[in-house]
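Throw the hints in and build the complete structure from the sequences for me.
Residue numbers (our numbering), protein chains in the order written: chain G, 47 to 630; chain V, 124 to 270.
Don't read these hints as lab results, they were simulated from the structure. The structure presented is a predicted model; accordingly, all values stated were derived computationally and were not measured. Treat each hint with caution, since some may be false.
What the hints assert, rightly or not - Using 25 Å as the maximum straight-line C-alpha spacing, the simulated PhoX-like pairs for lysine-lysine come out as follows:
(1) V:147 x V:253
(2) G:340 x G:315
(3) V:148 x G:439
(4) V:148 x V:253
(5) V:147 x G:439
(6) V:191 x V:253
What the hints assert, rightly or not - In silico negatives: residues of chain V with every beta carbon more than 12 Å from chain G:
(7) 156
(8) 159
(9) 160
(10) 162
(11) 166
(12) 169
(13) 170
(14) 173
(15) 174
(16) 177
(17) 179
(18) 181
(19) 195
(20) 208
Stated by the list, open to error - Simulated restraints on C-beta separations:
(21) V:196 x G:339: 56 to 64 Å
(22) V:136 x G:398: 35 to 43 Å
(23) G:393 x V:177: 52 to 60 Å
(24) V:196 x G:421: 16 to 24 Å
(25) V:196 x G:536: 37 to 45 Å
Glycine is no exception: its CB is placed at the ideal position from the N, C-alpha and C atoms.
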Amino acid sequence: MTESGATKSEASRRQEGMRLLAEALHEFAEATSDYPRLLAVIAKRVAESIGDVCSVLLLSDDKESLEGTTYYDRDPEVARQYAAVAQRRISMSQPTVAREAMQSGKPICIPRFDIETLRGRTTPESYELHRRIGAHGVLVVPLRVRNEALGTLSIVRYRPEHAPLDEIDVEVASSLANHAALAISNSRLLKSARSEADRRLEAEAALFESERLRRAEQDLARANRFLDAIIENIPDMVFVKDATTLAFTRFNRAGEELLGLGRHELMGKSDYDFFPKAEAEFFIQKDRETLAAKAMIDIPEEPIQTVRGTRWLHTKKVPILDAEGTPVHLLGISQDITEHRSAQAQLLQAKEAAESANRELESFSYSVAHDLRTPLRAIDGFSLALLEDYGDKLDQEGRGYLERVRGAAQHMAELIDDLLTLSRVTRTEMRRQRVDLSELGRAIVARFQSIEPARQITVVIGDGLSAFGDEGLLGVVLENLLGNSWKFTSKRQDAHIEFGATEKDGVKVFFVRDDGAGFDMQYAERLFGVFQRLHHATQFEGTGIGLATVQRIVKRHSGRIWAQGGIDQGATFFFTLADEVSTP
Amino acid sequence: MSERIILLVEDNPNDEALTLRALKKSNILNPVFVARDGAEALDYLFLRGEYAARRPAGNPELVLLDLKLPKVDGLEVLRQLRADERTRLLPVVVLTSSVEEQDLLRGYALGANSYVRKPIDFNQFVDAVKQLGLYWLVLNQRPPESK
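Next comes the structure, spelled out in structure tokens:
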């Protein structure tokens with residue numbers, strides 16, 4: 047605090063004033079960008095330079111009143127009291143010292159005053175405060191810039207040790223006030239410039255925000271259109287119902303086409319408006335079940351009345367839940383299965399027809415077996431009776447004819463039996479199991495040997511040959527293949543037959559090989575045809591059905607059969623059978 | 124043992140003649156009664172209708188039963204025989220014409236004692252009948268007559 051008083055010379059006090067002014071200018075300039083701080087700096091500077099209390103009073107925007115903004119005293123309590131008094135606006139209509147200074151534009155200095163002279167020239171509260179602290183000098187300096195009054199600086203001396211205010215104090219205070227006013231004006235300009243910039247920035251931000259919203263809405267609309275297009279184009283009927291009223295809130299094109307109704311007719315209405323009562327009740331009941339269970343339900347078949355008559359639907363109903371898990375909508379997706387259903391019914395009919403045809407075939411086979419064999423038995427039996435009982439009455443030729451009759455009858459019986467076996471192969475149901483082919487083969491060969499014990503023949507059957515298939519049918523395969531070998535080696539001395547297995551490309555291949563009459567490879571394809579024979583009946587007997595039967599059985603086991611051979615070079619039949627793993 | 128009657132149930136006169144011939148050639152000399160359909164066979168066995176007073180009144184020694192018969196077929200005859208206490212244990216040999224018939228019969232599990240497939244070769248038939256006769260009429264001890 048710079049002391050000012052009569053003890054110092056006038057010159058040194060003026061010099062001191064210049065120094066204070068220079069410092070104040072610097073401080074004011076620094077605080078220009080911060081308006082409230084600027085006011086505080088002004089009050090403090092002036093109070094410290096002149097003393098004791100300094101108030102900054104500023105004219106309100108409507109110019110109706112003076113408002114106290116900042117108060118400074120080195121005693122904070124006094125500053126607080128001043129602030130309390132000046133909370134009130136000082137009306138410009140009241141005759142106050144501040145108003146006088148403002149209007150005149152000149153400082154008013156009362157160096158030594160009776161407190162009572164202040165009565166009526168300031169507010170009652172202000173008067174009371176000044177009286178209490180013992181104010182003895184007042185200086186009010188207007189704040190003016192370019193002839194515009196901004197307010198006043200009010201300086202009050204109350205400390206008893208301080209000299210009365212004088213001309214130099216007024217000069218210094220006026221200079222400080224001029225610079226303070228300029229700084230306030232600048233700061234206000236800066237502030238308003240800033241707020242204008244802020245306003246523009248805000249406006250731009252608002253514009254940007256609204257643009258962003260508009261874009262987001264566009265994106266949302268695009269996404270909605272995309273989803274709408276998907277729902278609209280789903281080829282099954284898609285509908286949405288309100289969870290409470292079960293009225294339709296959404297319908298797609300497939301639904302309109304199925305029902306033959308436009309969505310404008312459907313929206314807001316319920317099943318009762320379109321379908322027979324029992325049908326509507328069924329739909330509604332299923333809706334309620336879905337919503338109660340809060341889980342999808344599947345209705346494999348449901349009839350629905352449409353303009354095209356009764357259609358059959360496979361429907362799935364799904365509850366749509368809100369964030370709390372309460373169902374708000376019911377989504378339904380229905381597939382029209384009418385055609386599929388009738389196709390299935392036709393398939394079933396066809397299957398039944400096929401099965402009935404199969405049963406007829408079976409009874410036909412039975413009749414063939416029974417009825418064709420019966421007369422053959424008579425032909426053979428009575429031919430034999432004739433030979434036995436009347437043989438002596440016939441010559442060699444006559445007996446020969448009877449033998450031919452018997453031979454033909456027996457051959458025909460074999461044909462019938464083989465044909466029945468062939469048809470049985472495809473008709474009978476397969477019972478698949480692990481089958482020991484080695485054992486099966488040995489049993490068959492043993493039977494051949496018991497019938498023709500005199501044959502000189504070496505039969506080799508590999509050990510551990512097994513397959514997964516129908517034992518009876520695989521027996522027929524071996525019976526035929528081994529039987530063929532047995533038959534076609536009958537004209538050889540010391541014949542050989544081998545049944546074994548080899549591997550080709552990772553697949554087990556069974557084979558039956560012999561060194562018998564063989565066959566011409568150019569007819570290999572014909573071996574497996576029904577009634578196809580490569581040998582004359584006079585050479586080797588046979589019906590020409592056996593290999594066709596074998597091929598059918600192998601095919602039923604998802605296998606393949608082929609043959610290799612040459613005339614008088616023997617024959618080898620190879621076949622594969624599906625493995626256990628690939629068995630359907 | 125003239126009372127040891129064989130009942131042959133056979134509708135085909137050729138098969139009947141051949142069967143009788145085969146029995147004779149196999150030295151089976153038991154008297155043979157021939158029933159020509161299933162109904163007649165059942166009347167004979169259960170002493171009904173024109174057989175109500177037949178003598179001797181007991182069961183035959185053996186029934187040779189064809190399957191395909193007029194009126195009542197062989198399967199039904201067999202079923203009724205097995206269902207009746209009097210004939211439950213009566214030896215029945217079924218004469219079949221095909222392997223299929225044998226499969227069919229096994230499927231019904233009606234309790235035939237044996238099957239003979241009538242072979243085309245008459246000699247085989249004679250052999251089969253011989254075996255039958257030996258087994259049922261000589262080797263096999265009949266179960267005691269049920270009351």
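Each hint, compared with the structure:
no.: 1; hint: V:147 x V:253; verdict: holds, 10 Å
no.: 2; hint: G:340 x G:315; verdict: holds, 23 Å
no.: 3; hint: V:148 x G:439; verdict: holds, 21 Å
no.: 4; hint: V:148 x V:253; verdict: holds, 8 Å
no.: 5; hint: V:147 x G:439; verdict: holds, 22 Å
no.: 6; hint: V:191 x V:253; verdict: holds, 23 Å
no.: 7; hint: 156; verdict: holds, 21 Å
no.: 8; hint: 159; verdict: holds, 15 Å
no.: 9; hint: 160; verdict: holds, 16 Å
no.: 10; hint: 162; verdict: holds, 20 Å
no.: 11; hint: 166; verdict: holds, 25 Å
no.: 12; hint: 169; verdict: holds, 27 Å
no.: 13; hint: 170; verdict: holds, 31 Å
no.: 14; hint: 173; verdict: holds, 28 Å
no.: 15; hint: 174; verdict: holds, 27 Å
no.: 16; hint: 177; verdict: holds, 29 Å
no.: 17; hint: 179; verdict: holds, 31 Å
no.: 18; hint: 181; verdict: holds, 32 Å
no.: 19; hint: 195; verdict: holds, 17 Å
no.: 20; hint: 208; verdict: holds, 32 Å
no.: 21; hint: V:196 x G:339: 56 to 64 Å; verdict: holds, 59 Å
no.: 22; hint: V:136 x G:398: 35 to 43 Å; verdict: holds, 41 Å
no.: 23; hint: G:393 x V:177: 52 to 60 Å; verdict: holds, 58 Å
no.: 24; hint: V:196 x G:421: 16 to 24 Å; verdict: holds, 20 Å
no.: 25; hint: V:196 x G:536: 37 to 45 Å; verdict: holds, 42 Å
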